[in-house]
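Chains as they are written, first to last, in the numbering used here: chain A, 89 to 439; chain B, 52 to 593.
Rather than coming from a laboratory, the hints here were simulated on the basis of the structure.
Even glycine gets a Cβ: it sits at the ideal position worked out from N, Cα and C.
Treat the hints with care, as some may be off.
SDA-like mimics (lysine to any residue), calculated; alpha carbons at most 25 Å apart, straight line [to be verified]:
1) B/453 with A/140
2) B/318 with A/324
3) B/475 with B/282
4) B/417 with A/157
5) A/159 with B/391
6) B/453 with A/382
7) A/159 with B/413
8) B/453 with A/150
9) B/526 with B/147
Computed beta-carbon distance windows for the label pairs [stated by the list, open to error]:
10) B/312 with A/305: 33 to 39 Å
11) B/429 with A/236: 44 to 50 Å
12) B/476 with A/133: 58 to 64 Å
13) B/162 with A/269: 40 to 46 Å
14) B/278 with A/273: 56 to 62 Å
15) B/410 with A/269: 34 to 40 Å
Covered stretches of chain B (chain A as the covering partner; in silico rule of three or more C-beta atoms under 8 Å from a C-beta of chain A) [stated by the list, open to error]:
16) 110-119
17) 163-175
18) 253-260
19) 375-381
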Amino acid sequence: MAVASEPNVEEAAPAAAGGPWRLAWRRLRRNRVALAFLGLFFLIVAFSLAAPLWADNVAHTGPNDTHTLEKLEVNGEKREVVNPSGRPIGAQWFEADGKFFLGADGRLGRDEMVRLMYGGRTSLLIGFASALITTILGTLLALLSGYYRGWTDTVISRGLDVVWAFPVVLLGISLGLTLAVGGLDIGPLHLSGSSIWIPILIIGGVMVPYVARPLRGEVLSLREKEFVEAAEAQGAGAMRVMFGELLPNLASTIIIFFTLNIANNMLLESTLSFLGVGVQPPGTSWGTMVGSGFDLISTAPQLSLIPGTMILLTVLSVNVFGDGLRDALDPRSKLRLEAHAGIAEPEGTAV
Amino acid sequence: MRKLGFVLLVSILSAGAALGLSACGSSGGKEGGTLTGSYASFPDYLDPQLSYTQEGWTAMYDTYLPLLTYKRANGTEGGKVVPGLAESMPKITNGGKTYTLTLHKGLKYSDGTPVKASDFASTIERLFKISSPGSPFYESIVGAEKFAETQQGGIPGIKTDDKTGKIVIDLTGPRGTFTNELGMLFAALLPPGTPAKNLSADPPAATGPYYITKSEPGRGWSYARNPYWTKDNGPQIPEVSDGHFNKIEIKVVRNDSTQVNEIERNKTMWMQTLVPADQREHIINEFEGTQFRVDHPINLYYFWMNTTKAPFDDLKVREAVNYAVDSAALERIYAGSLAATHQILPLGMPGHEELNLFPHNIAKAKELIAQANPSDRDITVWTDNESPNDEAGAYYQDVLTKLGFNAKLKTINADNYFAIIGNKTTPDLDTGWTNWYEDYPNPNDFFQPLLAGESIAPTNNTNFSYTDDPVLNKKIAKLSEEPLGPEQEAEYAELDKAYMEQAPWAPYGTNTTSTFVNDEINLDNVIFNPTFGHSLASFELK
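Make the full structure from the sequences, and use the hints.
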């Protein structure tokens, strides 16, 4: 009961607290776990952004440079980067001045650490950019569908149903296979099959219904509120109502969807890249690294485990922070969830 | 009486021992039981007239027999064509244009249907009706091309007599490889009235020592002994072994590491797939000579360069690529399973004479690129997504990048790869990876389909470098009409050198394969034919 009563006290005096955003920030600051995972996420981002620095100044090699026949001098001893049986060198840590810090990535003898850092950039970029595409498109369709209703709603909703009807991974695979050969050519937009924007667009596209459908429901509900009627009575046009009145009221939901989509989309990228239809070789992402390391899983398991762990940590950090953000922006949702799980009394009883 | 009793006892024991020994076969192993094996994927087809992969051919090598067949033997001996369902090798007359053969008498299919000479005609007709990838091999039969178009009226170039078993085949011109082609599975006789459709799920009756009893595409298939083999077919076809197991069960196990584990734990007896690269070293150390051995199919792995497009229309650029590609690096990428080569005819193929016009020299390669100074440096490099071919493609892209090109790698799903790079309308077909496994042990098979101008086709093209040299085309055409002999082999060796001087490819190696069996199987007796792969009838228990 004490847990349930806390948000109500805060909500009772939002004006005194400095508005809903400041209130949310206060709630978020109190969620130490969410903040710790946000810190972890920033660390991962910093690690990935430092890729060129490490590649140029420590490893002295690029992510796609092959070293199959090269030998590494370690404490006066010559070590083969790839042995005649095709087994790559293991982690050298700082024994070779940082070269092959995590070993070689496979029979091509590429530096695993350099590829891991560059792979992180790719995975994060795909996660962010595709989540942005998903969120923008999803919000736009939800606003149009929920505000106009009628045939506009029917057309948009049925279109979303069609996309929703396909399992996400299967749809991603089919699109990935098709676009990997011929690329994408729509009017002035031309993307080659190996462009990183292909997986971004595929993932961003297939996830749209998962954002648009719930947002549409919220728009339908907001559409009936008095503030919308008041705006229309004052002569506000459709654009003004959608973007000036409805959109700000959707902001907290959109932010939550955006963060959670980053994690989901990174996972989808990993799956598609693992299956060979995401990031195209020799480009690297954590998903492609898990996939290529899988061939050597019995002799060099670290080649799959390290990028796999990076995916796990990133997705976990974004998800935990996303949950914290949701609790901060929409405290009622936490109560609803807890009530559903039987932790606390249902919302109505608490109030 | 005592003496007589002793003699009788000895006689009975001796007879018993003799019977026991004969039942065990000539090599002394146990007979009967079930051979269990695994494939990494279901073969392309379990229809002898459609399958065009070694996996499929292995599955049907001891099941469907053509008039002629390839000797059940390892190495070059396995390249010899011997009589199969025909009594003897063909009589070739009319300047190499007429082939006459006679069918053994009293042969039967596994369902009891008698084998007739006219089945050969209906079999070849079915090839065209189902648009078999093997049908081009038989287009030189008089009237075959017309039949391919109309699919009516039969093929006049095939005359058969069911009473005598005589088969006469007339060709439009002499064809030195036709004996080899008669030994391919595409020409294996099938019962009359076999439906003209893919029969992988319900394979037709067979003439060999085994027939397929059950097929579940994607999951596996089973064999049993052909009930008519021992009495009717086998005694007349001594070149084909009777087999040692009563049944054979093959299942699809997609993970090659699981396949290895199952053999080590005696859950299966044999894996058709190459052992996984990361376990190769361990398997060699532990099982070589007892349960594992390396086999040598005849093949070539190479990078093709489109000679009709910049920058590869310049000989200097192609030579530079040949100097820059390092077979030693590729040997490691293929985890030691690849043997380096730098020419068109691989080791083991008649006409092969060691040749290396472009020993690895990166400085020389860069010098040639500087001389050529190509204006177009944007290159698309094609490869498939199967390991380690994808890594070979990535290596090649890195080599081209180091030579100063802006090389982009395009990795395509292996199922569609050859259809895509064999389609002339596919954009940016600049250069890429490919391989070629022999159809039969005749050097013509490495020139006519891969380098002759006539083989350039808008779809299903196999001449990826679009090589079309009129002088060399004529030489290929001339040699294709002649039966293979020492003189022709020398000419093929010259042809190899002449093409390598034009450097349309950067050949880098021939890949080996492996036989890995459990400890119950006698490894020494397992036959690996370089064209067809393992002979299932050769497997026997120790």
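task = Sort out which numbered hints this structure fails and list those numbers smallest first.
result = Hint check: 2, 3, 6, 10, 12, 16, 17, 18 fail, others pass.
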